[in-house]
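There are 2 protein chains.
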Amino acid sequence: MHIGILGGTGPAGSALGARLASVGYEVTIGSRSADRARDVCLELTEKYPELAALLRGGDNAAAAACDVIVIATPWDSAATTVQENAESLAGKILISMANALVRVAGEFQPLLPPRGSVAAHIQAAAPLCKVVAALHHLPAKELGHLGSPIDSDVLICSDDPASLRIVAEIVDRIPGCRPLDAGQLSNATAIEAFTAVLLQLNVRYKTRVAPKLTGIRE
Amino acid sequence: MHIGILGGTGPAGSALGARLASVGYEVTIGSRSADRARDVCLELTEKYPELAALLRGGDNAAAAACDVIVIATPWDSAATTVQENAESLAGKILISMANALVRVAGEFQPLLPPRGSVAAHIQAAAPLCKVVAALHHLPAKELGHLGSPIDSDVLICSDDPASLRIVAEIVDRIPGCRPLDAGQLSNATAIEAFTAVLLQLNVRYKTRVAPKLTGIRE
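Protein chains in written order, with the working numbering: chain A, 1 to 218; chain B, 219 to 436.
Everything hinted at is true.
Short derived list, chain A residues pointing at chain B, Cβ under 7 Å:
id, residue
1, E107
2, P110
3, S186
4, T189
5, A193
6, F194
7, T207
8, V209
Where chain A lies over chain B, by a calculated footprint (3+ residues, C-beta under 8 Å):
id, region
9, 402 to 408
10, 426 to 432
In case anyone wonders, no lab produced these hints; they're calculated from the structure.
For glycine and all other residues, C-beta sits at the position ideal for the given N, C-alpha and C.
The whole structure should be built from the sequences, with the hints applied where relevant.
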């Protein structure tokens with residue numbers, strides 16, 4: 001499986017790309033600037049030479065041509081980026097990991113997009129995609145620290161159960177991550193907004209929290 | 219400290235009342251019908267005779283006359299109940315534990331109240347109260363099972379830090395519960411909506427989940 005990351009040169013996108021390559025996926029990090037994407041891949045493969053065979057950079061069109069695509073742009077340009085690549089993305093799994101957040105006086109607050117979530121907004125912008133919301137709560141720093149497991153539950157939701165299962169299999173390959181089926185895409189509202197709470201806890205307790213749900217047996 | 223529970227005869231309200239009495243608080247369970255509240259207290263003290271000295275039933279006015287008040291009505295009558303008792307409640311801590319949820323085709327979905335959360339709606343309905351959002355994720359059944367600890371983090375948010383701290387002290391007395399400062403009341407949106415995810419996981423995995431945040435040292 002070849003995974004493309006639209007707008008993947010930021011901290012979360014590049015860390016995810018490296019992590020996915022480290023567990024055996026072919027990954028194309030995309031960007032509006034193919035040069036920028038190649039530079040980011042060069043930096044990653046200098047740090048982790050074992051990724052060189054699996055990780056490459058390109059423009060967003062190259063990322064959109066992959067089998068499964070992650071949209072890793074800032075939340076407010078996600079829908080535009082998806083629309084620009086709608087033809088390549090049609091019928092494919094599109095993973096939305098964005099959170100609409102704003103920082104007011106040092107405190108993170110969730111913003112509610114008109115359709116309730118970034119994922120719902122993306123689904124409306126690209127109705128032929130199978131949008132799956134996932135990976136919102138993974139801290140970029142830990143994600144990019146390839147030696148260490150992450151130890152976090154990953155809440156996944158989608159209106160297409162088969163796509164949800166495929167994304168769960170991808171997540172399950174990341175050491176320490178446990179995929180959880182959180183139901184339909186309407187729950188992305190709660191999952192995205194909850195990121196503000198996690199970031200707030202990080203600030204308040206000077207740490208980096210990860211959500212775990214007790215009571216679920218393996 | 220005497221804690222009143224407005225609309226406290228439902229599963230969550232009565233379980234919370236019993237639990238708070240079990241850790242030493244005087245508790246008045248209120249209801250539109252004082253008789254109904256007294257019946258509920260009678261049932262509780264038959265089961266747990268040691269609560270008899272601390273737990274009583276009354277009308278909502280009696281609950282609103284307490285030092286700290288919890289609003290435990292269904293979410294869509296919370297603001298009305300608060301407004302009806304606004305005079306008694308003015309200046310006091312008012313704990314909002316309601317979640318606006320709907321079940322569609324067997325799946326829980328969060329509803330977004332116009333101000334983003336039930337807590338914000340209540341705060342607008344009773345601007346002189348110090349609204350604190352807390353206790354949303356505690357399952358009523360486990361809460362009412364007084365012998366057992368609950369083993370859950372309790373996310374608390376408020377625009378009044380002193381009130382947040384007082385509620386954190388109350389939560390800290392409940393065995394197994396860890397109070398966490400989740401910042402301002404705007405985060406109630408995320409905390410309330412997240413309940414839909416937890417209920418969805420309960421259905422999906424046939425269990426009862428509780429949220430825990432890893433990475434926070436005691």
